[in-house]
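Protein chains: 2
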Amino acid sequence: MSKDGFLPPAGTRDIEPAAAEIRDGVVYKITSSYKKYGFNSIETPSLEKLENLLGKKGGENEKLIFKVLKRGEELKNSLGSGTAQENDLADFGLRYDLTVPLARYYAHYKDKLPKPFKVFQIGNVWRAERPQKSRYRQFTQCDIDIIGDPAPNCEIELIYVTCKTLQSLEIKNFEVRINDRQILKKISLDCGVTDDGKYRDFLIALDKLDKKSLDDIIEELRKKDFEEAVLSNIKNVFEGLKTGKNGIDLQAGSSSSDEKYAKACKELSKIISSVKSLLGNEVIRFDPVLVRGMDYYTGTIYEVSEINGSMSFGGGGRYNNMIGSFSGQDVSACGFSLGFERIMDSFFSGAPLSGGGSKAALLYSSDKDDYCAVTLFSEKLKEKYKTVSIFDRQKNMSNQLAKLKDIGFDSWGIYKGEETVISKME
Amino acid sequence: MSKDGFLPPAGTRDIEPAAAEIRDGVVYKITSSYKKYGFNSIETPSLEKLENLLGKKGGENEKLIFKVLKRGEELKNSLGSGTAQENDLADFGLRYDLTVPLARYYAHYKDKLPKPFKVFQIGNVWRAERPQKSRYRQFTQCDIDIIGDPAPNCEIELIYVTCKTLQSLEIKNFEVRINDRQILKKISLDCGVTDDGKYRDFLIALDKLDKKSLDDIIEELRKKDFEEAVLSNIKNVFEGLKTGKNGIDLQAGSSSSDEKYAKACKELSKIISSVKSLLGNEVIRFDPVLVRGMDYYTGTIYEVSEINGSMSFGGGGRYNNMIGSFSGQDVSACGFSLGFERIMDSFFSGAPLSGGGSKAALLYSSDKDDYCAVTLFSEKLKEKYKTVSIFDRQKNMSNQLAKLKDIGFDSWGIYKGEETVISKME
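Chains as they are written, first to last, in my numbering: chain A, 9 to 434; chain B, 9 to 434.
Since the hints were made in silico from the structure, they are not lab data. Just so we're clear, the structure is a prediction, and the values are computed from it rather than from any experiment. Even for Gly, the Cβ is constructed at its ideal location relative to N, Cα and C. Some hints here could point you the wrong way.
What the hints assert, rightly or not - Between beta-carbon pairs, the in silico distance windows are: (1) A/LYS216 / B/GLY421: 44 to 54 Å; (2) A/GLY336 / B/GLU81: 34 to 44 Å; (3) B/ALA381 / A/GLU314: 23 to 33 Å; (4) A/ASP12 / B/GLU81: 16 to 26 Å; (5) B/LYS65 / A/LYS390: 46 to 56 Å; (6) A/LYS120 / B/LYS432: 15 to 25 Å; (7) B/GLU427 / A/GLU314: 41 to 51 Å.
Said to hold, decoys possible - Computed cross-link-like contacts, SDA-like style, restricted to lysine to any residue with a CA-CA straight-line distance of at most 20 Å: (8) B/LYS123 / A/GLN408; (9) B/LYS194 / B/LYS271; (10) A/LYS57 / B/ASP12; (11) A/LYS118 / B/ILE23; (12) A/LYS284 / B/LYS271; (13) A/LYS57 / B/GLN402; (14) A/LYS250 / A/SER142.
As the list claims (entries may be wrong) - Reference listing, derived: stretches of chain B covered by chain A, where coverage requires no fewer than 3 residues with Cβ under 8 Å from a Cβ of chain A: (15) 40-47; (16) 125-138; (17) 212-222; (18) 411-417.
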């Protein structure tokens, strides 16, 4: 078998000891922070019934589901028909986010859960993306959600706890940008975009505003049969938003006759002023061109990223209709998801997590030394060293020590009973 | 959608807040213990290439792999042939244990890893078992392994660290039973079982010795075309093993002319006496009828379970050929796997993990109170309470408190600024 045959599937990866150690530390800090604020941990399985994953307005992600082949008789029957299509052959799928399983969970347990239910989940999700650099097909999400409360206090709390969590990881250079789908809807209506399909194209175009020229964006919309009058409106509005010269005024909007729009403006103002008073002025700002991909958002949307940097740490928003898509009864819900790999990347490019304590390797001779005596002696060393591990001393000891250093050992010694000396590795 | 539709796939389950809290604590304790002894954490993805999961001597488990449907053009091509079989339609599979991915990992990274490599993994595995009570299709394993060392010191260390880990979880009533595949081979040869297929049937029969009558076992073997002379030998030997009147004497075996057998007897004696001297006489015993299911074991096999109870906490053994099945070059390897769900079951039936600190709910009025002031006040309470979470006070406050208590809150108070009083829940 070629050496590549020992790699995991393209787009997935093995986590080596040094990185795994940091991941453990980061998970521990995030978990501690979420718990401190009274969010309850739940776990849902990686597999969901396929019908529960499809049709949940997951946008592009629904096309990226890894589907699990039926088994035994059921598979035989599907294959036997001779005309089996993709979805006839699969019954389960790997979850593509943690929000859909949470909505299913809540729909099942709602009668016994407090209202609002504050919940967190840390778990893997899978998306069958085309493999490419730093885009993974298995990755970890850390989500907090508040279910059953329509008030903007939820957004304040989710943003506050997420920011406190990033700070507990010694990440400081971040800001939250916030918007509301009702504001985007109002902008599109003002431009004359009235049909739902066109609204989707409008959002995709707006989302490209910081990456493409305005002319290119308008050209793309022209190909999608937008009327010239509408295109001209869009061009004016986008120009105003891009330059900031003609933005959205939340205060003025709060007294608009469009009730949904006025409510969104009022709530955004409250969220922004509250977060500023809790965490400082630089932590949050209104961003009328923020879109976010999922179709399931119904109100606020937000993203947290590096200031002046391209790295996004995570995002979220309000999704008041998703639980209803299971139970038939809409329930207010709002969440904030941190992308674990992004946070890990920031550790590898910047300040590592402090501490962990000293890690000592005790070398002994399996021919000469009594294994039990060495083990008992190593237990004594644990009073001083956080980790002590015993290794049969090899002929090429400098090579042995170099490799132990690579996986995180910082101290070593040769077993000589009570006279053993432990030194720092060089 | 019916209420059952909100459940996850049969055989998998949601973990509710109270159980999730205990799971987090157990994972933390196991991780801390493994790390203290210098085992390095790695993570491998849940998905493996299907060809890397098949043909690894995983026994029955290879038949239980959840296979992942190919995607896009590849799937179209496979379906288009009109004669597609199960394995033509799938390219990846969910791992059924952590040992096969570890062997693949080691085959890839071996040049940069220290020898021996002491490693641990905690992760989910999946098996498409027929759903039934307390048999899960997704469950968590906690494995430690030592790779690259053929000496019985590995077994001593793995058993020692596993026992210390169980003790750190306040599980005390356990014992390790140990055997060696070479001893089983010798017993079978002595009975006249010479062919490999029959050897497998012989092991399956031996494994049933504590569940079925000897006559039934012999009858089953008779149906599998064992010769009468061999059956009569097996009956005598099994009878001796079952009653303990005619067991295996490790000391006598150590000087046998069958070299492999003599080596196994010597090593077992050493392992047993060392573990006894480290942890006490009652912790380990030789069990010549212990078999274990996986075909990949080549030497020692062991299991840790409740004394006088039926619950098995985990097991493991030596698998010297598996890494070679990837790299073509055999590497000594030995592991011990704890079954996480079994440990959790023992917590729910016995002593829970101690502590965690107090969890307080602060009720406020979203109409009257300033949200930011309440949040800042709750931060002050965190000096005294491990968790503080704020909730909008509901009309039916006793119902609200009862549900908060259900998910673990033990204290509560109504926000009144500096005059707030926090009391224990009743």
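Structure-based check of each hint:
At roughly 50 Å, the beta carbons of A/LYS216 and B/GLY421 sit within the given window of 44 to 54 Å. Between A/GLY336 and B/GLU81 the Cβ separation comes to about 38 Å, which falls inside the hinted range of 34 to 44 Å. Our hint of 23 to 33 Å for B/ALA381 and A/GLU314 holds, since their Cβ atoms are close to 31 Å apart. Checked against the hint of 16 to 26 Å, the pair A/ASP12 and B/GLU81 passes, with Cβ atoms roughly 21 Å apart.
Checked against the hint of 46 to 56 Å, the pair B/LYS65 and A/LYS390 fails, with Cβ atoms roughly 37 Å apart. A C-beta distance of roughly 22 Å is found between A/LYS120 and B/LYS432, which places it inside the suggested range of 15 to 25 Å. Remark: the range hint 41 to 51 Å for B/GLU427 to A/GLU314 is upheld by a beta-carbon distance near 42 Å. Taking the CA atoms of B/LYS123 and A/GLN408, the gap is near 7 Å; set against the 20 Å cutoff, the hint holds.
Proposed proximity of B/LYS194 and B/LYS271 is supported: the alpha carbons are some 12 Å apart, at most 20 Å. For the suggested pair A/LYS57 and B/ASP12, the alpha carbons sit about 11 Å apart, so the restraint of at most 20 Å is met. Restraint check: the Cα-Cα separation between A/LYS118 and B/ILE23 comes to about 14 Å, which is no more than 20 Å; the hinted pair holds. Simply put, A/LYS284 and B/LYS271 have alpha-carbon atoms about 72 Å apart, too far for the 20 Å limit, and the pair is violated.
At most 20 Å may separate the alpha-carbon atoms for a hinted pair to count; A/LYS57 and B/GLN402 exceed this at roughly 36 Å. Simply put, A/LYS250 and A/SER142 have alpha-carbon atoms about 29 Å apart, too far for the 20 Å limit, and the pair is violated. Residue count for the region 40-47 of chain B with a Cβ under 8 Å from a Cβ of chain A: 5. That meets the three needed, and the coverage hint holds. Coverage of a stretch by a chain is defined here by at least three residues with a beta carbon nearer than 8 Å to that chain's beta carbons; for the region 125-138 of chain B and chain A the count is 5, and the condition holds.
Check on the region 212-222 of chain B: 0 of its residues sit with their Cβ under 8 Å from a Cβ of chain A, so the three-residue criterion for coverage is violated. Given a C-beta distance limit of less than 8 Å, the hint that chain A covers the region 411-417 of chain B holds, as 6 residues qualify and 3 suffice.
Checked against the numbered hints above, the structure violates hints 5, 12, 13, 14 and 17; every other hint is satisfied.
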